[in-house]
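Visitor: Sequence:
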Amino acid sequence: FFITICAASVSGGMEVIMKNQNKTRGIVILALFIAMSVIGGYIKLPNPITSSIAFDSLPAYLAALLLGGAPGAIVGFLGHIISAALGGFSLTLPVHLLVASEMALIMFIFSFCAKKINIVAAIIAGILLNGVIMPATLILIPGFGVPVFLAMLLPLTAASTLNILVCTLIYKPINKAVFGERKDIIK
48 FFITICAASV SGGMEVIMKN QNKTRGIVIL ALFIAMSVIG GYIKLPNPIT SSIAFDSLPA
108 YLAALLLGGA PGAIVGFLGH IISAALGGFS LTLPVHLLVA SEMALIMFIF SFCAKKINIV
168 AAIIAGILLN GVIMPATLIL IPGFGVPVFL AMLLPLTAAS TLNILVCTLI YKPINKAVFG
228 ERKDIIK
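Under our numbering, the first residue of the sequence shown is numbered 48, with each subsequent residue one higher.
Simulated from the structure, these hints should not be mistaken for laboratory data. In this text the structure is predicted, and so the values were computed from the model without any measurement. Treat the hints with care, as some may be off.
To be verified - Derived pair list, reagent style DMTMM-like, types lysine to aspartate or glutamate, alpha-carbon separation capped at 25 Å:
1. K163 to E149
2. K162 to E149
3. K91 to E149
Throw the hints in and build the complete structure from the sequences for me.
Guide: Set out below in structure tokens:
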């Protein structure tokens with residue numbers, strides 16, 4: 048704290064303090080979204096293959112809408128890893144790292160679609176990517192194949208749909224409460 052005050056007085060006063068406060072605020076907001084992912088990870092959707100299908104991605108989709116693609120990707124990656132850890136890494140750690148990376152990419156795409164096209168395109172892209180395309184990548188992993196893909200298709204698509212629809216329903220009121228009318232990416 049003392050070093051920050053000294054640096055602030057030497058290099059331009061309040062600008063340095065405000066910049067550090069904004070960084071701290073951003074880290075805290077990101078941590079809150081990650082914590083919501085952990086809570087969502089406890090709300091599991093029953094399925095025959097894995098115990099990691101849950102409401103852990105809802106906060107990532109919300110972060111992607113409210114904060115942008117990169118924060119959404121961070122929340123999506125860490126949210127999945129934590130949810131999978133709570134389920135005992137049922138698909139093995141390397142597979143869950145792959146899935147977490149795919150979740151991060153999906154959050155970038157979801158945010159991009161919402162900002163540049165519209166929310167309907169983002170919803171469709173998110174459901175297809177998370178519910179169909181992502182589990183299809185498991186076909187290429189030895190020991191998984193088409194049977195695992197088919198078994199995960201319905202539960203993952205249902206979970207994706209629920210996560211994204213709840214996110215879009217709560218987005219507008221949260222956006223208005225936090226940012227007012229000045230920031231709304233959904234047209």
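Visitor: If a hint holds in the structure, say so; if it does not, say that too.
Guide: Tested hints:
no.	hint	verdict
1	K163 to E149	21 Å, holds
2	K162 to E149	20 Å, holds
3	K91 to E149	20 Å, holds
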